[in-house]
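Protein chains: 4
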Amino acid sequence: MNMDQALQELLDDLAIANRILVNEGVLDGFGHISVRHDQQPGRFLIARSMAPGLVTADDIVVCDLDGNVHDERGRKTYVERFIHSEIYRARPDVMAVIHSHSPAVIPFGVTGQRLRPICHMSGFLGAQVPVFEIRHSAGEVTDLLIRNQALGQALAQSLGGAAVALMRGHGNVVVGFSIQQVVFRAIYTESNARLQSEAARLGEITFLTDAEAQATSDMNDMHLDRPWEMWKRNALAG
Amino acid sequence: MNMDQALQELLDDLAIANRILVNEGVLDGFGHISVRHDQQPGRFLIARSMAPGLVTADDIVVCDLDGNVHDERGRKTYVERFIHSEIYRARPDVMAVIHSHSPAVIPFGVTGQRLRPICHMSGFLGAQVPVFEIRHSAGEVTDLLIRNQALGQALAQSLGGAAVALMRGHGNVVVGFSIQQVVFRAIYTESNARLQSEAARLGEITFLTDAEAQATSDMNDMHLDRPWEMWKRNALAG
Amino acid sequence: MNMDQALQELLDDLAIANRILVNEGVLDGFGHISVRHDQQPGRFLIARSMAPGLVTADDIVVCDLDGNVHDERGRKTYVERFIHSEIYRARPDVMAVIHSHSPAVIPFGVTGQRLRPICHMSGFLGAQVPVFEIRHSAGEVTDLLIRNQALGQALAQSLGGAAVALMRGHGNVVVGFSIQQVVFRAIYTESNARLQSEAARLGEITFLTDAEAQATSDMNDMHLDRPWEMWKRNALAG
Amino acid sequence: MNMDQALQELLDDLAIANRILVNEGVLDGFGHISVRHDQQPGRFLIARSMAPGLVTADDIVVCDLDGNVHDERGRKTYVERFIHSEIYRARPDVMAVIHSHSPAVIPFGVTGQRLRPICHMSGFLGAQVPVFEIRHSAGEVTDLLIRNQALGQALAQSLGGAAVALMRGHGNVVVGFSIQQVVFRAIYTESNARLQSEAARLGEITFLTDAEAQATSDMNDMHLDRPWEMWKRNALAG
Chain A
1 MNMDQALQEL LDDLAIANRI LVNEGVLDGF GHISVRHDQQ PGRFLIARSM APGLVTADDI
61 VVCDLDGNVH DERGRKTYVE RFIHSEIYRA RPDVMAVIHS HSPAVIPFGV TGQRLRPICH
121 MSGFLGAQVP VFEIRHSAGE VTDLLIRNQA LGQALAQSLG GAAVALMRGH GNVVVGFSIQ
181 QVVFRAIYTE SNARLQSEAA RLGEITFLTD AEAQATSDMN DMHLDRPWEM WKRNALAG
Chain B
1001 MNMDQALQEL LDDLAIANRI LVNEGVLDGF GHISVRHDQQ PGRFLIARSM APGLVTADDI
1061 VVCDLDGNVH DERGRKTYVE RFIHSEIYRA RPDVMAVIHS HSPAVIPFGV TGQRLRPICH
1121 MSGFLGAQVP VFEIRHSAGE VTDLLIRNQA LGQALAQSLG GAAVALMRGH GNVVVGFSIQ
1181 QVVFRAIYTE SNARLQSEAA RLGEITFLTD AEAQATSDMN DMHLDRPWEM WKRNALAG
Chain C
2001 MNMDQALQEL LDDLAIANRI LVNEGVLDGF GHISVRHDQQ PGRFLIARSM APGLVTADDI
2061 VVCDLDGNVH DERGRKTYVE RFIHSEIYRA RPDVMAVIHS HSPAVIPFGV TGQRLRPICH
2121 MSGFLGAQVP VFEIRHSAGE VTDLLIRNQA LGQALAQSLG GAAVALMRGH GNVVVGFSIQ
2181 QVVFRAIYTE SNARLQSEAA RLGEITFLTD AEAQATSDMN DMHLDRPWEM WKRNALAG
Chain D
3001 MNMDQALQEL LDDLAIANRI LVNEGVLDGF GHISVRHDQQ PGRFLIARSM APGLVTADDI
3061 VVCDLDGNVH DERGRKTYVE RFIHSEIYRA RPDVMAVIHS HSPAVIPFGV TGQRLRPICH
3121 MSGFLGAQVP VFEIRHSAGE VTDLLIRNQA LGQALAQSLG GAAVALMRGH GNVVVGFSIQ
3181 QVVFRAIYTE SNARLQSEAA RLGEITFLTD AEAQATSDMN DMHLDRPWEM WKRNALAG
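Protein chains in written order, with this note's numbering: chain A, 1 to 238; chain B, 1001 to 1238; chain C, 2001 to 2238; chain D, 3001 to 3238.
All the pointers check out, no bait thrown in.
Facing chain C, from chain D, some residues (calculated, C-beta under 7 Å):
1) Ile3118
2) Cys3119
3) His3120
4) Glu3198
5) Arg3201
6) Leu3202
7) Ile3205
8) Thr3206
9) Leu3208
10) Thr3209
11) Ala3211
12) Ala3215
13) Thr3216
14) Arg3226
15) Pro3227
Keep in mind the hints are simulated off the structure, nothing from the lab. Quick caveat, the model's predicted, so the values are computed rather than measured. Every residue gets a Cβ at the ideal spot worked out from N, C-alpha and C, and that includes glycine.
Chain A extracted, bound-state conformation (with noise of 0.2 Å):
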């Protein structure tokens, strides 16, 4: 495979993934992912500002990491783009991102109850969730958004060497080392939001060990094949 044939594989990865995660509950109108370029690590691929859903190949831009976009056809893309950039320059590990406001999360970024793996395909999640409240970055008079980079710092900065961060009253953000990886743990953290919010009402909850987490996450990540054909699949059909 040559590298104009890698690069339409990435295009054509990160336009399906659009659509599986508006498929699987994760986007609807709002939210978008990225990936960084294959052949240049200082910049990423995102879709021009517009729905996920209806994201094409076509659509796809390339960002840089201080958020500009470098477009022969002069578009622009998301406001929150920041989210992107400064993940991608604080984590050189991290090769896809998803911002969403995926509706289970919601509740754990808003209350003192964290987000702890409850089963092996959520070990990904780790100890626990970090969550980012702008207000210690920038008071409480915002409109929440991830705006410029010095918020996007404080975001990585929170997420640290995590794979998910909450945003309070926002949503979350998702990293991977790629589209299927981010794809995967963004359907499972919002699927693990779901089972935790059902269980904390029976009782207390035996969470996934340390170890545990490790070692599910480890295991998952040798069958990302399999869920993301399924994904893809119900996404082109439904």
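Let chain A serve as the given structure and place chains B, C and D on it in line with the hints.
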């Protein structure tokens, strides 16, 4: 765009708004949406009395602020048209009104728990949402419907300057400066109710501050097109 | 409309009612709806023993109030036909009966929490809904089915003059003066259960007063056509 | 029906059972169903390692009770085949096994709340459902998968003579005397978990007595065809 074109666009938007609200689970066989007439501020447009899921532009009639329908074909509209007429009378800023029984909101109208903005998509809810108790105006033997001008006025008074008012044991009313805005608000009122109900059982909730509510509301008002186009496409496809 | 036409219409309505109830989530592979014969009040019409989602007018048989099927083709109906026969015997005002396992209602049959009308769509529930405990009639070793006349009579006695009775660990029975009304009631019984279950965790609930329940029930009975036509369209499309 | 016809029917039923379980929300991209070989009780039929929603009769392989696949084409089956092999070894009465992550059941595996039969459709759950804790067999550092014979035996021991066993932080296993019965049980295990979770917050639950559980289980076993045909039709249509 001439006057006829502007009116036709309003009729088309009102018709598709009916279908959007059914498709997104805000309306079922009952409930209605109206828009103030673009050339006659003392009149509004609303479907004749029928299931909202079937409304076309041809089903829309003109009603005045006393609740009288002006229709050459002698068609009638909903019994509860006074919800609309009295809010348009009391609130010159309001250009569109939705009355629905959207399900997740009902519990907040019959308990002490007040609906408040839990995330940046529903900042328009403001500090908190008023609840209209029909017993205070008409006693304990009504059928809960807003059947006349007096009840419409009492409801408009409860609403005050807010975007949303709940109606105890009945449903809610949502207002906006356009069809697109009022549809956005109705959908995210339902969404906020679902999220708040889930979060309430996890612990104490950090709601938006008043300043955050205002800032996020202003921000969302600049992005009404994107979700509108998505909901429209889904309604036409579904 | 002559006698044959009236009967054919009843058969058609009963067949489509089966499909509506499946489509709206009241029935699944089990449960049944019957209507009293329009010319022979001592008999009723009900599908032969089969999945309700597949019932056509041709699948409907005639049953008498002793539970005997009168069918030239020798077809049989459901084991639990005594639910229907004994309610028709005890309640001359009842023209249609539904027995279902509609899911949100089950928890109210197995806990101390009583089902009560939470909003104006379900005023027909009245002051509160009786619960039939089969152990009081037949001890603790039954399979919970209403297998004979004695159990049917005990259930009818629990129902009394109400519109709905719950059956502990089993399901519920709903009665009405027409197919349209009983379908409306079954769908809104399920809806009320969902809403009441959600509201119960938010705090103390303000239910309809008895007078509100009566007034809203009377009001809804004048508007049965609109939701019926919508449910019918959805069932035929789905 | 000769031997070849009987086997072909088993293969066809196993393939459609995979699709039914996906369509009814018991399986997603993971999980599996097997059936004991009709002529070789020391072997069982199961799909090769793939997403259950895509399984056809041609994808099914033969596996022995030591977990070895016998396939001319050299295909492999799931890592967790030892769930099936060790249960078939320990339970001669078992003819079919499902392992799933069906969502409503997960909370009952990670809390002190035990899954018990709440209504007549799930009497097969018996007095209460055992929970398998892998830590007791393999410590706190596993990936929770049943990767070998020893873990399969430990799980089979937890199951004992029951119809269902939960697997902490992972999923559950359901057994039956036929494909039709095990599918019925898996679907109603999920349903019972949803209902019990709802009922638990309304108050103390009256579960089925042991005698009721037995009687309803026996009764349902005589009516497995009706829901099977419905689920099959829905899976083929969906």
